[in-house]
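Turn these sequences into a full structure, and let the hints guide you.
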Amino acid sequence: MPNHFEAMVIFALAVSVAFALLSKQSTRERAVYFLWAFLGFMAVAIGIGWLMYPFSR
Amino acid sequence: MAETEKHAESTAKGNQPLAIFAAVAGWLVPGLGHLLLGKWGKAIGYFLAVAVLAVLGLRMRGDVFISGGDAFGMLGFLADLGAGAFYFFAHAINAAGPDVSRAAGDYGTRLIATAGVLNLLFVLEAYQLGLHREARS
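Going down the list, the sequences are from chains A and B.
Quick note, the first sequence lines up with residues 91 to 147 if you use my numbering.
Quick note, the second sequence lines up with residues 660 to 796 if you use my numbering.
I should point out that these hints are in silico values taken from the structure, not numbers from a laboratory.
Nothing here was measured: the structure is a model prediction, and the numbers come from that model.
There could be a bad hint or two in this list.
[What the hints assert, rightly or not] Derived Cβ-Cβ restraints for the label pairs, each shown as a range: (1) A133/A to H791/B: 49 to 55 Å; (2) G137/A to L734/B: 27 to 33 Å; (3) I136/A to A751/B: 31 to 37 Å; (4) S116/A to P676/B: 29 to 35 Å; (5) G697/B to W126/A: 26 to 32 Å; (6) N93/A to G756/B: 33 to 39 Å; (7) L734/B to I100/A: 39 to 45 Å; (8) I752/B to L141/A: 34 to 40 Å; (9) G700/B to L141/A: 16 to 22 Å; (10) V134/A to F747/B: 30 to 36 Å; (11) G700/B to G130/A: 19 to 25 Å; (12) R118/A to F747/B: 36 to 42 Å; (13) L707/B to N93/A: 20 to 26 Å; (14) A751/B to N93/A: 21 to 27 Å.
Backbone N, C-alpha and C define an ideal beta-carbon position, used for all residues, glycine too.
Right, dumping it as structure tokens:
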């Protein structure tokens with residue numbers, strides 16, 4: 091069973107692939123969109139995680 | 660003149676039967692609607708995206724909503740139902756059932772709902788592609 095971080099990475103991968111296929115037509119456009127969406131998901135999730143860290147204790 | 664009007668009308672309407680068939684097929688088995696329309700790449704991508712999210716969510720013991728709850732439960736049910744076969748075979752994929760007393764189960768609930776909502780987007784696209792196909796021919 092994946093831990094929470096792995097589950098988040100898998101979620102970001104699956105949703106990024108889906109959005110790239112839905113919204114873009116060419117392979118190159120899809121690849122770029124996928125990369126940005128995936129990195130965006132990860133950056134936001136990790137960023138919010140760090141922001142919440144002081145309040146976790 | 661009448662023929663031109665007839666053609667314009669059929670173009671505007673599109674191929675409703677094909678569109679509905681593709682949409683229903685795509686709902687039952689994610690990606691199948693696109694497969695029937697010859698969109699192999701999208702079909703595989705969509706199936707994998709929904710399957711990974713739904714199976715992972717169920718294996719993490721996420722909650723699968725049934726109809727008849729309150730408003731939030733109903734929204735959860737509609738989202739989950741969007742995953743088609745993965746909703747109907749949820750018990751076979753995770754016989755242990757949901758356990759939302761742990762954070763993993765709670766995350767699993769969201770993954771299952773995401774799989775369903777994504778598949779509803781794919782169903783709408785399959786419907787639109789089905790309509791468009793007739794308009795071209």
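Verification of the hints:
no.	hint	verdict
1	A133/A to H791/B: 49 to 55 Å	36 Å, violated
2	G137/A to L734/B: 27 to 33 Å	28 Å, holds
3	I136/A to A751/B: 31 to 37 Å	35 Å, holds
4	S116/A to P676/B: 29 to 35 Å	31 Å, holds
5	G697/B to W126/A: 26 to 32 Å	29 Å, holds
6	N93/A to G756/B: 33 to 39 Å	21 Å, violated
7	L734/B to I100/A: 39 to 45 Å	24 Å, violated
8	I752/B to L141/A: 34 to 40 Å	35 Å, holds
9	G700/B to L141/A: 16 to 22 Å	38 Å, violated
10	V134/A to F747/B: 30 to 36 Å	33 Å, holds
11	G700/B to G130/A: 19 to 25 Å	23 Å, holds
12	R118/A to F747/B: 36 to 42 Å	38 Å, holds
13	L707/B to N93/A: 20 to 26 Å	22 Å, holds
14	A751/B to N93/A: 21 to 27 Å	25 Å, holds
Hint compliance for this structure: hints 1, 6, 7 and 9 are broken, all remaining hints hold.
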